[in-house]
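A.B. asks: First to last, the sequence lines map onto chains H and A. For the first sequence, position 77 (counting from the first letter as 1) is numbered 77 according to the numbering used here, and the numbering increases by one without interruption. For the second sequence, position 103 (counting from the first letter as 1) is numbered 103 according to the numbering used here, and the numbering increases by one without interruption.
It should be emphasised that the hints constitute simulated quantities derived from the structure, not laboratory data. Fair warning: there could be bad hints in the mix.
[As the list claims (entries may be wrong)] The calculated lysine-lysine pairs, modelled on DSS-like cross-linking and capped at a C-alpha distance of 30 Å, are: (1) Lys240/A x Lys234/H; (2) Lys234/A x Lys234/H; (3) Lys90/A x Lys90/H; (4) Lys16/A x Lys240/H; (5) Lys234/A x Lys240/H; (6) Lys240/H x Lys240/A; (7) Lys16/A x Lys196/A; (8) Lys211/H x Lys90/H; (9) Lys196/A x Lys226/A; (10) Lys234/H x Lys226/A; (11) Lys90/A x Lys196/A; (12) Lys226/A x Lys196/H; (13) Lys240/A x Lys226/H; (14) Lys226/H x Lys234/A; (15) Lys196/A x Lys226/H; (16) Lys234/A x Lys211/H; (17) Lys16/H x Lys211/H; (18) Lys240/A x Lys90/H; (19) Lys90/A x Lys196/H; (20) Lys226/A x Lys240/A; (21) Lys234/A x Lys90/H; (22) Lys240/H x Lys226/H; (23) Lys90/H x Lys16/A; (24) Lys196/A x Lys144/H; (25) Lys234/H x Lys211/A.
2 protein chains.
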Amino acid sequence: MNQLLQRRTIRRYQSKEVSPELLNHLFECAFRASTCGNMQTYSVVVTRDMEGKQRLAPAHFHQPMVTQAPVVLTFCIDLRRFSTWCEQRKANPGYDNFEWFVTGAVDTLLAAQTFCVAAEEEGLGICYLGTTTYNPEQIIEALKLPRLVFPITTITLGWPDESPEQTDRLPIEALVHEEVYRDYTPELIDRFYTDKENLEENRRFVAENGKETLAQVYTDVRYTRKDAEAMSVKLWQAVKAQGF
Amino acid sequence: MNQLLQRRTIRRYQSKEVSPELLNHLFECAFRASTCGNMQTYSVVVTRDMEGKQRLAPAHFHQPMVTQAPVVLTFCIDLRRFSTWCEQRKANPGYDNFEWFVTGAVDTLLAAQTFCVAAEEEGLGICYLGTTTYNPEQIIEALKLPRLVFPITTITLGWPDESPEQTDRLPIEALVHEEVYRDYTPELIDRFYTDKENLEENRRFVAENGKETLAQVYTDVRYTRKDAEAMSVKLWQAVKAQGF
Numbered sequence: 001m002n003q004l005l006q007r008r009t010i011r012r013y014q015s016k017e018v019s020p021e022l023l024n025h026l027f028e029c030a031f032r033a034s035t036c037g038n039m040q041t042y043s044v045v046v047t048r049d050m051e052g053k054q055r056l057a058p059a060h061f062h063q064p065m066v067t068q069a070p071v072v073l074t075f076c077i078d079l080r081r082f083s084t085w086c087e088q089r090k091a092n093p094g095y096d097n098f099e100w101f102v103t104g105a106v107d108t109l110l111a112a113q114t115f116c117v118a119a120e121e122e123g124l125g126i127c128y129l130g131t132t133t134y135n136p137e138q139i140i141e142a143l144k145l146p147r148l149v150f151p152i153t154t155i156t157l158g159w160p161d162e163s164p165e166q167t168d169r170l171p172i173e174a175l176v177h178e179e180v181y182r183d184y185t186p187e188l189i190d191r192f193y194t195d196k197e198n199l200e201e202n203r204r205f206v207a208e209n210g211k212e213t214l215a216q217v218y219t220d221v222r223y224t225r226k227d228a229e230a231m232s233v234k235l236w237q238a239v240k241a242q243g244f
Numbered sequence: 001m002n003q004l005l006q007r008r009t010i011r012r013y014q015s016k017e018v019s020p021e022l023l024n025h026l027f028e029c030a031f032r033a034s035t036c037g038n039m040q041t042y043s044v045v046v047t048r049d050m051e052g053k054q055r056l057a058p059a060h061f062h063q064p065m066v067t068q069a070p071v072v073l074t075f076c077i078d079l080r081r082f083s084t085w086c087e088q089r090k091a092n093p094g095y096d097n098f099e100w101f102v103t104g105a106v107d108t109l110l111a112a113q114t115f116c117v118a119a120e121e122e123g124l125g126i127c128y129l130g131t132t133t134y135n136p137e138q139i140i141e142a143l144k145l146p147r148l149v150f151p152i153t154t155i156t157l158g159w160p161d162e163s164p165e166q167t168d169r170l171p172i173e174a175l176v177h178e179e180v181y182r183d184y185t186p187e188l189i190d191r192f193y194t195d196k197e198n199l200e201e202n203r204r205f206v207a208e209n210g211k212e213t214l215a216q217v218y219t220d221v222r223y224t225r226k227d228a229e230a231m232s233v234k235l236w237q238a239v240k241a242q243g244f
């Protein structure tokens, strides 16, 4: 519990390896997570070879964790194994559609997060790479993912070589709604976001980017509409190309 | 660690309440999960009132957990709060697209699963309801979810009133690939699925449904192509209707 409250993302790792036995033990925990109809519609590709990491690096905008971490794990929605089993057992699978893309994503992400909790309990550090859905077609090619397999998130894993400060979070009441959704009035937005906006680090961030507000740093610099719309088209094309 | 390995889904609960303090503590853990750009693109709607549970029940095909559990939690992708903040801070948000639907889903599911791990550590039992993506429009209506908010999973929560057997899982090697995806040959499918097929419970399942193979129970009874294709259309329509 305390570990969950104290956690922080780790982006720098010692050169020390993560043993295959420990990795297997973490997978054992991860694959105990809830899964729709006990179908386990996911696969994990383990990248340890430097050559493999270098093939993945461009898809992740060359973030240094990808080549620096001893282990990179790409968590994939996988309806292929289940469908192949069906076909081999005189059954006609119907899992090549949007419903199963989403159901597979849920399955995969519950396993991924359980993996991370188990890893942090062992003293390992992890970092999620959101870039996985920005350039899926490059990852699909690098890992030779066939039809009905889709990369949904990536984790870099290793023994921590840094101990960063914990980042801020919104107050709980900002995220929880009682009985029905309570919409956000201007007063509530001010109440929930003011602490974040006043953080020294965020003030510096605004100044460095020459912006007026922290929100503008997000919309104009970090996560722009233009990028999101271009990525949406590519992501959807990749989903369709993988047969969903 | 041991808890992660020993876990099982709980579908029957004692009538004992889950205190608001405990629930808040679990949320505190959940909201420490990794989140894209520290944007926390999720909301949780807490349903405790019987009236609210009854409104949700049809969307979940009247599975008894929904009305029997003291607490039902609907985890929603939420780009609305962040976008509202942007608009209030002279910034132009661009999060109404497929990329942010998927990124929001990742964020939401990491928080949901962290919640579940924390809850189980406290002795609580949980059950995920995959039905959330089958009838999203009913849930959207019941919880009054506005534009850019989308229900992606639901958890029923309570103190366990059963201790079911653990369900089987595929062997780890069935799910993990070294360096690149290793496709499933007929021999591998046989090796990975035979134990599952031979389970007494699954053999009974095949007989009761008058089928030849376990796979046919999935494709012809539990998760048919016809249902999946109809649900895919509805799900996509609901995603668009919510503004993504």
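A.B. asks: Taking 30 Å as the top limit, are the C-alpha atoms of Lys16/A and Lys240/H close enough?
C.D. replies: This hinted pair is violated, its Cα atoms lying about 47 Å apart.
A.B. asks: Mind checking the alpha carbons of Lys240/H and Lys226/H for me, to see if they're no more than 30 Å apart?
C.D. replies: Satisfied, since the Cα-Cα distance of roughly 22 Å is no more than 30 Å.
A.B. asks: Can the restraint linking Lys16/H and Lys211/H be considered satisfied, given a maximum Cα separation of 30 Å?
C.D. replies: With a Cα-Cα distance of about 41 Å, the restraint between Lys16/H and Lys211/H is violated, given a limit of 30 Å.
A.B. asks: Under the criterion that the straight-line Cα-Cα distance not exceed 30 Å, is the pair Lys90/H, Lys16/A satisfied?
C.D. replies: 47 Å, violated
A.B. asks: Is the hinted pair Lys90/A and Lys196/A satisfied, with a Cα-Cα distance of at most 30 Å?
C.D. replies: With a Cα-Cα distance of about 57 Å, the restraint between Lys90/A and Lys196/A is violated, given a limit of 30 Å.
A.B. asks: Decide if the proposed pair is consistent with the structure: Lys234/A and Lys234/H, CA atoms, cutoff 30 Å inclusive.
C.D. replies: 23 Å, holds
A.B. asks: Measure nothing beyond the straight line between the CA atoms of Lys234/H and Lys211/A; if it is 30 Å or shorter, mark the hint as holding.
C.D. replies: 41 Å, violated
A.B. asks: Keeping to a limit of 30 Å between CA atoms, is the pair of Lys234/A and Lys90/H held or broken?
C.D. replies: 29 Å, holds
A.B. asks: With a cut-off of 30 Å on the C-alpha distance, tell me whether Lys240/A and Lys90/H pass.
C.D. replies: 36 Å, violated
A.B. asks: Does the alpha-carbon distance linking Lys234/H and Lys226/A stay inside the 30 Å limit?
C.D. replies: Since the Cα atoms of Lys234/H and Lys226/A sit roughly 28 Å apart, the hinted pair holds (cutoff 30 Å).
A.B. asks: Assess, step by step, whether the Cα of Lys196/A is no farther than 30 Å from the Cα of Lys144/H, and give holds or violated.
C.D. replies: 28 Å, holds
A.B. asks: With a cut-off of 30 Å on the C-alpha distance, tell me whether Lys234/A and Lys240/H pass.
C.D. replies: 18 Å, holds
The structure fails to meet hints 3, 4, 7, 8, 11, 12, 15, 16, 17, 18, 23 and 25 from the earlier list, while all remaining hints are met.
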